[in-house]
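Novice: For the protein sequence lines, the chains are H and R, in the order given. With our numbering applied, the first sequence has no gaps in its numbers, which climb one by one up to 208 at the end. With our numbering applied, the second sequence has no gaps in its numbers, which climb one by one up to 683 at the end.
Be careful, since some hints might not be right.
What the hints assert, rightly or not - Computed far set for chain R versus chain H, every beta-carbon distance over 12 Å: (1) ASP269; (2) GLY293; (3) GLU490; (4) TYR536; (5) PRO582; (6) GLY583; (7) PRO633.
Unchecked claim - Facing chain R, according to a computed beta carbon distance under 8 Å, are these residues of chain H, among others: (8) GLN23; (9) SER80; (10) ILE105; (11) ARG131; (12) MET168.
Everything labelled a hint here was simulated from the structure, so no lab data went into it. Backbone N, C-alpha and C define an ideal beta-carbon position, used for all residues, glycine too.
Read off the chains here:
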Amino acid sequence: MQVFTRHTAIAAPLLQDDINTDQIAPVLHGRGLKEDYRAMLFHRARRRDDGSDNPDFVLNKPQFRNAGILVTGQNFGAGSSRESAVWSMLANGIRVIVARSFADIYRENCLQNGVLPIVLAPADADAFTARVIAADGAGPFTVDLVSQRISGPGGDDIAFDIAAADRMRLIEGLDDIGLTLKHMDQIVSWEKGAAAAQPWLQTARDNR
Amino acid sequence: MTQSNAVPKTLFDKIWDFHRVGERADGRELLYIDRHVLHELHAHHGFSHLEKRRRPVHRPDLTFAVQDHTVATKPGRDDDSNPSGAAFLKAMRDGTRRNGIRLFDLGDPEQGISHVVAPELGIVLPGATHAVPDSHASTVGGLGALAFGCGTSEMTHILATQVMALKRPKRLRARLDGRLGPHVGAKDVALRLIAKLGVAGARGHAVEYAGSAIAAMPIEQRMTLCNLNIEMGGRSGFVAPDDATFGWLAGRPYVPQGVLWDRALAHWRTLESDDDAEFDREVALDCSALEPQISWGTDPSQVVGISGRVPDAADVAPSRRAAAESAYAYMGLAPGTPLAGLPIDRVFIGSCTNSRLPDLQVAAAIVRGRRVAPGVTAMVVPGSSSVKREAEAAGLDRVFRDAGFFWGESGCSMCAGGNGDRGAPGERCVSTTNRNFENRQGPKVRTHLASPATAAASAIAGRIADVRQVLAGAA
Ligand code: SF4
């Protein structure tokens, strides 16, 4: 996983609630296993019916074409567990999502892939959103995970909270499976215990 | 059943605590996963990840795989019937063979949607933990299992370790009481509950569904209810197992047999929340006056009773107004429009929500001796090849075909359109699936979520219909 310490980029406001994974990363048909995650991101919203670019969609506006921070509403990432909804962010250089709240599985998928999900305190969220709108892509914001601060045009630094464990995982780019494999002895001894206490759980056999 | 000397526990706590292997350095709890079911859209990522790092699959014997998302539904299908699925099907076949995982492949008599296949074979057990890289994993909570939907990385993590690294969710009890009226079922209850709590209402929670309406519900309906748990944001959702559960499971191929069954059963009877157990949150819904429900908008909380109208933006919560406005435009519906009577183009009966045998029986009983209205394309896609076989043995396929329905091979089909089964732009579709998101069933398709009964009645009427009126001959 890519390490995350600090990220400086244009912040784009996509101020809607409940943006779901079908909107973030619609299934593109006909590509088989080699999916184009870059093209996938907000594929439908980015295009008009005739296939041309929709100039009104925020990420299509010239000042946000290279945005690397997305600012959005409540319950971001509702819906499917498909990780392509995060991979498509990465493929477009978006490493930070500042939302009012995240859907559980989506937030987890962000942490798995080095994308930083931030939820600000409500007053800070209002202030930050106003600054992002005012900046209108003219200057970048810097999100520093080490000091847990966002800095940028229009005001003072904004502090944000994140669980210490999630922060560590991103900063060190920890291999999640590697972390758990350190517990293999515990896992194997759990299996032995379960085989004695509830043996039906440890075998899954077709009895026909 | 409170043990006087023990701290009262919820059912969630009982299952979680038993399966808790330990705690990781980063504070996450490691939860053992008893049964892991893969599908072809995600599995190949996991297999190639592990192979690159030379990490073996820890418990292939507790892992199962199905081909469901991309499979074609037309009779006589093969790998190439859906060209964009062929590579996924093949990668799944290769990956499961290399890793010694049982695959329910295309052509297997038990192929089908993961959430339908695993319970019907008895791969899911009460009090067991279960994971699927699909957000509707908690369907099998209807049998009293604790199930988690997961992402691709989490799936790979489970393949390598057989555990999930989780933060312990909070506990929510949803009390659903009252007797359901005729032609009202679990789908209607679930849609009403989602409308009440909102699409993020249960976020961070494991939901225990309880109450008299649940006790009276057949197992398949409990699965429908638990299936929709994710649509209100729940992390997991389940119903405590009871005699109906045990009866339903007895004799299924993968359940324990003989003395092991007796032992398991004795344990399963302890699987309930203690009387004084504390939940972090409780919600209640009286189901006795519930009418059939239908969605009008573009998320599963935008729901009204079948006699209802598209709500006015002024009448929805301020935070939901923007969503309502955009839903009017997408759905082509003005506020105040009655749902019943809207002309439709398409009906889909299927998906992990509503494609089990009783769902098809309910629909067939309405369709029998009637015809699909002219101009309506109507499809039934059984949730598994076993369901299909049983339905055919009971003659249901003929009932549907005689009425003008397409009768397909099992798979996800029009739920997400991953196999190419999709509607045409602008079509209005009554669907027994779980998501009415924009473009889900095809670009610009307008999806109305409803029960199999409502879908069947609407196919006959050619418009959104109240099943009770169709059966009374009033429509
Ligand atoms: S039927 Fe739909 S929701 Fe269910 S597993 Fe298939 S695609 Fe997912």
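Novice: Would the hint on MET168/H be counted as holding, given a Cβ-Cβ threshold of 8 Å to chain R?
Specialist: holds (6 Å)
Novice: Under the criterion of a CB-CB separation shorter than 8 Å, is ARG131/H in contact with chain R as hinted?
Specialist: At about 21 Å, which exceeds the 8 Å cut-off, the nearest Cβ of chain R leaves the hint on ARG131/H violated.
Novice: Under 8 Å is the threshold here; is the Cβ of GLN23/H close enough to any Cβ of chain R for the hint to stand?
Specialist: This hint holds: GLN23/H lies near chain R, its Cβ roughly 7 Å from the closest one there, short of 8 Å.
Novice: Would the non-interface assignment of GLU490/R survive a Cβ cutoff of 12 Å against chain H?
Specialist: For GLU490/R, whose nearest Cβ neighbour in chain H is about 20 Å away, the distance exceeds 12 Å, so it holds.
Novice: Against chain H, does PRO633/R keep a CB gap of more than 12 Å to every residue?
Specialist: Per Cβ check, PRO633/R is inside 12 Å of chain H; nearest 8 Å; violated.
Novice: Is the shortest C-beta separation between SER80/H and chain R less than 8 Å?
Specialist: Hint on SER80/H: holds, closest Cβ of chain R at ~5 Å, below 8 Å.
Novice: Since ASP269/R was said not to touch the interface, does its Cβ keep a gap of more than 12 Å from each Cβ of chain H?
Specialist: Its Cβ does come within 12 Å of chain H, the nearest being 6 Å, so this is violated.
Novice: Is the nearest Cβ of chain H still more than 12 Å from the Cβ of GLY293/R?
Specialist: The claim breaks: GLY293/R does not keep its Cβ more than 12 Å from every Cβ of chain H (closest is about 8 Å).
Novice: Decide, holds or violated, for the assertion that all CB atoms of chain H are farther than 12 Å from the CB of PRO582/R.
Specialist: holds (28 Å)
Novice: Would you check whether the claim that GLY583/R is not at the interface survives, using Cβ distances to chain H and the 12 Å cut-off?
Specialist: holds (24 Å)
Novice: Looking at TYR536/R again, its CB stays over 12 Å from all of chain H?
Specialist: holds (15 Å)
Novice: Should the hint that ILE105/H touches chain R count as held when the rule is a Cβ pair under 8 Å?
Specialist: holds (6 Å)
When the structure is compared with the earlier hints, violations turn up for hints 1, 2, 7 and 11 and for no others.
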